[in-house]
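Turn these sequences into a full structure, and let the hints steer you where they fit.
Sequence order for the protein chains is A and B. Those letters in the first sequence? Residues 1 to 302, by my numbering. Those letters in the second sequence? Residues 1 to 225, by my numbering.
Note that these hints are calculated values from the structure, not bench results. Every residue gets a Cβ at the ideal spot worked out from N, C-alpha and C, and that includes glycine. Mixed in with the good hints there might be a few duds.
To be verified - Distance condition first, Cα-Cα at most 27 Å in a straight line; then the derived DSS-like pairs of lysine-lysine:
| no. | chain 1 | residue 1 | chain 2 | residue 2 |
| --- | --- | --- | --- | --- |
| 1 | B | K45 | B | K79 |
| 2 | B | K79 | A | K10 |
| 3 | A | K220 | B | K79 |
| 4 | A | K75 | A | K155 |
Unchecked claim - Residues of chain A placed beyond 12 Å of chain B at every Cβ, according to the derived structure:
| no. | residue |
| --- | --- |
| 5 | N128 |
| 6 | M136 |
| 7 | P247 |
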Amino acid sequence: MATTFFRILKFGLQNFSRNGLLSATTTVIMVLAILVFNGLTIFGVISNSAVASLQDKIDISVYFKSAAPEDDIVKLEHALQSLSEVRAVEYISSEKALAIFKQNHDSDDTISQALAELQTNPLLASLNIKAKDPNMYPTIAGYLETDQLKPIIEKVTYGENKEAIDRLARIIDTVRVAGVGITIFLALVAVLVTFNTIRLAIYSNREELGVMRLVGASNKFINGPYVVAGVIYGLLAALAGIIVSTPLIVFISPYVHAFIPDLSLSAYLGSHVPQFVFYQLFFGVALGATSAAVAVRRYLKI
Amino acid sequence: MIAFNNVSKQYGDTAVLSDITFKVAPGEFISIVGKSGAGKSTIIKLLIGEDQPTRGRVLVGSYEVNKLKPDELPQLRRKVGIVFQDFKLLPTKTAYENIAFALEVEGRAQEEIEELVPQMLDLVGLADKKDNFPDELSGGMKQRVAIARAMIHRPAVIVADEPTGNLDHVNANEIMNLLLKINELGTTVVLATHSKDIVNKLRKRVVALENGKIIRDDARGNYEL
Numbered sequence: 001m002a003t004t005f006f007r008i009l010k011f012g013l014q015n016f017s018r019n020g021l022l023s024a025t026t027t028v029i030m031v032l033a034i035l036v037f038n039g040l041t042i043f044g045v046i047s048n049s050a051v052a053s054l055q056d057k058i059d060i061s062v063y064f065k066s067a068a069p070e071d072d073i074v075k076l077e078h079a080l081q082s083l084s085e086v087r088a089v090e091y092i093s094s095e096k097a098l099a100i101f102k103q104n105h106d107s108d109d110t111i112s113q114a115l116a117e118l119q120t121n122p123l124l125a126s127l128n129i130k131a132k133d134p135n136m137y138p139t140i141a142g143y144l145e146t147d148q149l150k151p152i153i154e155k156v157t158y159g160e161n162k163e164a165i166d167r168l169a170r171i172i173d174t175v176r177v178a179g180v181g182i183t184i185f186l187a188l189v190a191v192l193v194t195f196n197t198i199r200l201a202i203y204s205n206r207e208e209l210g211v212m213r214l215v216g217a218s219n220k221f222i223n224g225p226y227v228v229a230g231v232i233y234g235l236l237a238a239l240a241g242i243i244v245s246t247p248l249i250v251f252i253s254p255y256v257h258a259f260i261p262d263l264s265l266s267a268y269l270g271s272h273v274p275q276f277v278f279y280q281l282f283f284g285v286a287l288g289a290t291s292a293a294v295a296v297r298r299y300l301k302i
Numbered sequence: 001m002i003a004f005n006n007v008s009k010q011y012g013d014t015a016v017l018s019d020i021t022f023k024v025a026p027g028e029f030i031s032i033v034g035k036s037g038a039g040k041s042t043i044i045k046l047l048i049g050e051d052q053p054t055r056g057r058v059l060v061g062s063y064e065v066n067k068l069k070p071d072e073l074p075q076l077r078r079k080v081g082i083v084f085q086d087f088k089l090l091p092t093k094t095a096y097e098n099i100a101f102a103l104e105v106e107g108r109a110q111e112e113i114e115e116l117v118p119q120m121l122d123l124v125g126l127a128d129k130k131d132n133f134p135d136e137l138s139g140g141m142k143q144r145v146a147i148a149r150a151m152i153h154r155p156a157v158i159v160a161d162e163p164t165g166n167l168d169h170v171n172a173n174e175i176m177n178l179l180l181k182i183n184e185l186g187t188t189v190v191l192a193t194h195s196k197d198i199v200n201k202l203r204k205r206v207v208a209l210e211n212g213k214i215i216r217d218d219a220r221g222n223y224e225l
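Written out as structure tokens, the structure reads:
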């Protein structure tokens with residue numbers, strides 16, 4: 001068993017090294033497929049961050065009447081937190097709202113003087129609510145508009161911002177669907193191009209496969225070396241992909257950061273090195289080995 | 001022993017072999033002769049399980065070839081050495097590696113391979129060409145490598161399909177002498193050929209085919225159609 005395994009490994013290495021030009025061409029095509037795979041991964045990270053950043057900007061605020069007891073507001077906060085549609089609820093008391101307002105208008109003397117002349121705090125307590133998905137805001141707004149809550153609620157901003165929220169929700173949905181669509185399409189193209197390249201490489205050896213069969217080689221002895229060669233293509237392509245992609249990602253990182261301030265591709269890469277390496281090796285090896293195994297199968301019927 | 005019992009082969013409506021019956025005793029040298037299209041190569045294909053008969057039975061030793069499943073064929077082919085007109089060597093392997101391959105697929109130990117292959121290269125006169133690839137060898141040398149590969153696992157039967165078809169007169173004679181020597185050592189040889197000179201020189205058993213039928217089976221025959 002071990003002897004057979006080592007012989008298959010030896011023949012695979014021989015196939016790779018003695019078909020130099022063919023191996024080099026196949027590896028280059030696989031490098032391109034790996035780069036497409038990396039591009040799709042980075043596109044996924046960027047679009048997810050863009051969507052998350054956009055989503056984070058959407059919220060609805062509930063302003064409470066000045067006479068509304070704080071206990072009722074806290075009860076409503078807890079009730080909202082228990083809703084499955086809600087991601088986060090932040091309570092801003094009227095005092096905190098005033099402090100934030102003062103801080104924001106620190107340099108504006110007119111507003112500072114006007115506030116000083118007022119004897120009471122004109123700002124209302126509020127709850128800032130963020131939904132798990134932008135499409136869930138209508139449900140949350142509906143919950144807040146029940147008759148039971150009317151006595152303590154002054155206004156809900158959803159009505160005022162409905163159009164903007166809906167438009168953002170539509171954009172987010174479109175980005176998600178388009179992202180998945182583009183990823184599937186390009187991944188499929190990369191897989192098919194690689195598969196066909198390996199198939200052509202094996203096609204050029206089809207007579208050799210028949211000879212092996214006639215000499216008494218079993219199927220595993222015939223397709224094993226080609227699968228080994230496929231694994232070598234995949235490993236080399238993944239390594240080349242990592243060597244080419246890493247500086248590229250570092251290079252584009254500041255440009256992406258300017259577009260999405262919450263995202264640093266360099267930092268993302270730094271914190272995902274094992275995944276980055278593993279996925280590429282897995283993608284390369286799985287694609288190379290599977291393509292070779294499938295392509296050889298049709299020549300094993302002699 | 002090899003036996004063809006009422007074997008017929010049809011491709012669509014065309015009958016290539018019709019009701020073929022003959023036996024080959026162990027250690028025998030038999031030439032199957034006939035014009036192109038007579039059915040010689042089909043008999044060889046049926047013998048090594050490369051094709052299946054439409055009717056009848058093909059027996060090689062204990063194997064009923066027509067009933068073998070694809071995954072059982074390698075076992076048969078390790079018992080039968082095959083030599084082709086176009087050599088069918090593996091182009092990315094050296095002469096040594098081509099011969100060793102037949103033992104490697106059987107799972108033989110490395111030490112045994114390292115002992116047997118040089119002996120076989122010596123026997124076919126190619127010891128100094130062991131590291132050459134097939135495209136660095138002449139036609140005669142390629143065929144000698146093919147015979148060495150067919151012989152290396154000491155099969156009971158050697159099947160040669162037009163082994164001299166691509167060779168000049170001198171090389172053809174050398175190859176035939178090699179096959180005769182192999183036969184003298186006790187190996188059954190089944191030779192398919194349309195070379196009159198070779199068959200007439202052999203003075204061995206001849207089975208003549210015409211239009212897929214046996215028209216003659218002489219114990220010490222000549223090439224006559």
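For the pair supplied as a hint, K45(B) and K79(B), is the alpha-carbon distance within the 27 Å limit?
Roughly 15 Å between the alpha carbons, so the hint for K45(B) and K79(B) holds.
Are all C-beta atoms of chain B more than 12 Å from that of P247(A)?
The assertion about P247(A) holds, with a minimum of 37 Å to chain B.
Examine each Cβ of chain B, and state whether all of them lie more than 12 Å from the Cβ of N128(A).
Non-interface label stands for N128(A): nearest chain B Cβ at 69 Å, farther than 12 Å.
Below or equal to 27 Å on CA atoms is what counts here, so check K220(A) against K79(B).
holds (19 Å)
Can you confirm whether the C-alpha distance between K79(B) and K10(A) stays at or below 27 Å?
holds (25 Å)
Restraint status (C-alpha distance of K75(A) to K155(A) at most 27 Å)
Measuring from Cα to Cα gives roughly 18 Å; hence the hint holds.
Taking the shortest Cβ-to-Cβ distance between M136(A) and chain B, state whether it exceeds 12 Å.
holds (58 Å)
Of the numbered hints listed earlier, not one is contradicted by the structure.
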